[in-house]
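Chains B and Y supply the protein sequences, listed in that same order. Numbering of the first sequence is given in the UniProt record's numbering, commencing with residue 1 and proceeding in unit increments. Numbering of the second sequence is given in the UniProt record's numbering, commencing with residue 1 and proceeding in unit increments.
Accuracy of the hints is not assured; some may be wrong.
Any copy will do: because identical chains look the same in the list, a pair fits if it lies in one copy or spans two.
In silico SDA-like cross-links for lysine to any residue, where the CA-CA straight-line distance does not exceed 20 Å [said to hold, decoys possible]:
(1) 320 x 68
(2) 189 x 290
(3) 219 x 420
(4) 189 x 296
(5) 296 x 195
(6) 34 x 117
(7) 128 x 78
(8) 113 x 97
(9) 161 x 199
In short, the hints are calculated from the structure, not lab data.
There are 2 protein chains.
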Amino acid sequence: MTKPEVSALNSWVPVPKDSDFTIYNLPFGVFKNKRLSPRAGIAIGDKIVDLAVLHDEGFFADLSQLPHDIFLGGSLNDFISLGKPVTKRVREIVQELLKEDNEALREHQIRGKAMVNRKEAQMLMPVKVGDYTDFYSSIEHATNVGTMFRDPDNALLPNWKHIPVGYHGRASSIIPSGVPIHRPKGQYKDPNMELPEFGPSRRLDFELELAFITGRTTKMGDSISTAEAEDFIFGFVLFNDWSARDIQAWEYVPLGPFLGKNFASSISPWIVTLEALDTFRVAGPKQDTEVLPYLKCEKDHAFDINLEVSIQPENQKATKVCTSNFKNMYWNITQQLAHHTVNGCNINVGDMYASGTISGPTPDSYGSMLELAWKGTKPLKLEDGSERKFIEDGDTVIMKGYCQKDHIRVGFGEVSTKVMPAK
Amino acid sequence: MTKPEVSALNSWVPVPKDSDFTIYNLPFGVFKNKRLSPRAGIAIGDKIVDLAVLHDEGFFADLSQLPHDIFLGGSLNDFISLGKPVTKRVREIVQELLKEDNEALREHQIRGKAMVNRKEAQMLMPVKVGDYTDFYSSIEHATNVGTMFRDPDNALLPNWKHIPVGYHGRASSIIPSGVPIHRPKGQYKDPNMELPEFGPSRRLDFELELAFITGRTTKMGDSISTAEAEDFIFGFVLFNDWSARDIQAWEYVPLGPFLGKNFASSISPWIVTLEALDTFRVAGPKQDTEVLPYLKCEKDHAFDINLEVSIQPENQKATKVCTSNFKNMYWNITQQLAHHTVNGCNINVGDMYASGTISGPTPDSYGSMLELAWKGTKPLKLEDGSERKFIEDGDTVIMKGYCQKDHIRVGFGEVSTKVMPAK
């Protein structure tokens, strides 16, 4: 490890080694507990800073435009709508207050009230999602799927390197980590079946993704350039785009995925801001096909985020089944947002844009069971001795993500979802 | 015309002959004018009944659960959420008040305040749309598109008669009648092009659809049966699913339409209730392929709704280019909603579900320019002497819909949208 170039920031809040929630991170979320109604907080170590309490006490007094109840609405949308100058400043103020030598909060009588135990809090959806879009931006994933379902020699469709392919998904069924899902039922028709059949999906899968959340609104007819795009992005969450492969395979022509996807998508509840991720900015993969001018971008817009997926069978230990990285994505977030709005499609605060499955180049870096077990032909062995081609009832799927550079760690926590039997 | 079987209802409000907004209809909408902030109303003739005024005056006093400000929220979502027993009763009370021999409102001092001129009102979005789904339920449309783009001998894909194919669309860009749109820009690659190009769409099209709006919420994991489905449906609007055919053709594999659709969808602003449409219930087309049990339904769930589309070039008269009927739809609304939720996908109040293009069996009943001008090979002649393969800048597209049975007429008014040049 090279010597840190900046001096380390430390907090008076104990931050366990390998905690995702360091003083460099300070992600925003919405929580409640037995005592407190839903409210906005910032995570640090095993604590949550109750922003409503700080606001009541006047810690944000220099932000005169901050409404009295801004942290109490049950979602961050109104807060995010105030714009980056405000949201960045709130995070900076909290960072300053948490520094080990800052006594303002540390020695304040409301410290006990302002610092909530994360373990006793229930995390809720951080934003109200207006519209949700899912991209398909990993070349490895698109190639793997094309190879399995179409033709290995023409795995990528002709449009893939010209447009960040995407489609609209279901906003209503996006849920935070910890909320169990039921195995979906539906129609499927395997190649060997003469007629479609109905029942619980036999091929329930996860998809390892990240999603960004927009923090600004556009009007219909307006577009966002790649140069402007990051100003419109508030932050990121981990995103498990649950998929029922058998339902999807039968339904998806010609209009795309529908019931194979819309039964649930699970997210990590802490929004890691773009500012916190800035340290981990890297160049993305070289795009070997020239893109149209509106998709060109300068600067680096990829992020070095380590990702992993584990499967935990009921009453057993978890087994890590995938190790990937967000920096592998062929299309970056500025290209995605520029493409999404180039036709004048309007966006809103709280809209969510998932990356598509984040598969890496090696078989252990594939971001779905479909690819990891290669359409069921290479079952994965779990530590309890069982095998998995897809996800079984009682399994909990756990996705984690973090960045590490020298002494600086910024992470997402996890999105963990248990699969219950079909209703 | 056969003799009416029920005695005619007349109102003390003058209702012009051929008005869509008869005393049998009484659709709900949200309006404002120079004097009034956004509020809920019911249309009758050339007037709008200001429901907030009636409520203030105690006309809904027997509905004790009706909050004081229920008609002032700027959308109907909260009102609709109260459930059909309440929304039906409000409509019945208004119907009773509007009967020609009822003096309660007619002779009341607040009559002038309660009856707003429609001409002076601006209609707004009637609901806040959480999620929007577009189906593909006309066999004629699916066959036409399959014939043009794939193979006339296998125009319908294998899944089409087994599932009401649908996909998720963009909720943010649904706009009410009267709001102009800009021609979208985007990528296209015609077969004769070596590389994709970028510019204003050269093939801007309308799609004639109806959309239903749900009035109840389900929990994730729950399903709605075909028998229950109508209880979840509040009413219908006309729906113009704007489409850029060149953008769509290049982007839609493998994940479906995206930028070719999400730049705008236009709706008629008055929600015609399921109760108002009950008189026009008919049997739908016979489904010649047996469906799975969850898609079977008893009773008639199609509706005899006459539909038409006109194109009005700038400063010219409108030319009717399509005459269709909603009763042609192969898949009905109960099958659509049962399918949508069979996997446990949760729905919300205000969600919108468009039918897919409503094409009839004859060439003049096709519900899109793509079909009417058969991919540009049979341009339509307009009354001003110009020709159309697709929609041109300055054109206004006007969709109308109405039901007529004996003396009873129930209509939707119109959705009218002018196309401005690309920004």
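Comparing the hints with the structure gives:
1. 320 x 68: neither (45 Å within a copy, 55 Å between copies)
2. 189 x 290: between (39 Å within a copy, 15 Å between copies)
3. 219 x 420: Close across copies (15 Å), not inside one copy (41 Å); limit 20 Å.
4. 189 x 296: between (42 Å within a copy, 19 Å between copies)
5. 296 x 195: between (47 Å within a copy, 16 Å between copies)
6. 34 x 117: Answer is within: at 12 Å inside a copy they meet the 20 Å cutoff, but 52 Å across does not.
7. 128 x 78: both (10 Å within a copy, 17 Å between copies)
8. 113 x 97: Result: close within a single copy only, 15 Å intra versus 56 Å inter.
9. 161 x 199: So residue 161 and residue 199 pass the 20 Å test across copies only (18 Å; inside, 37 Å).
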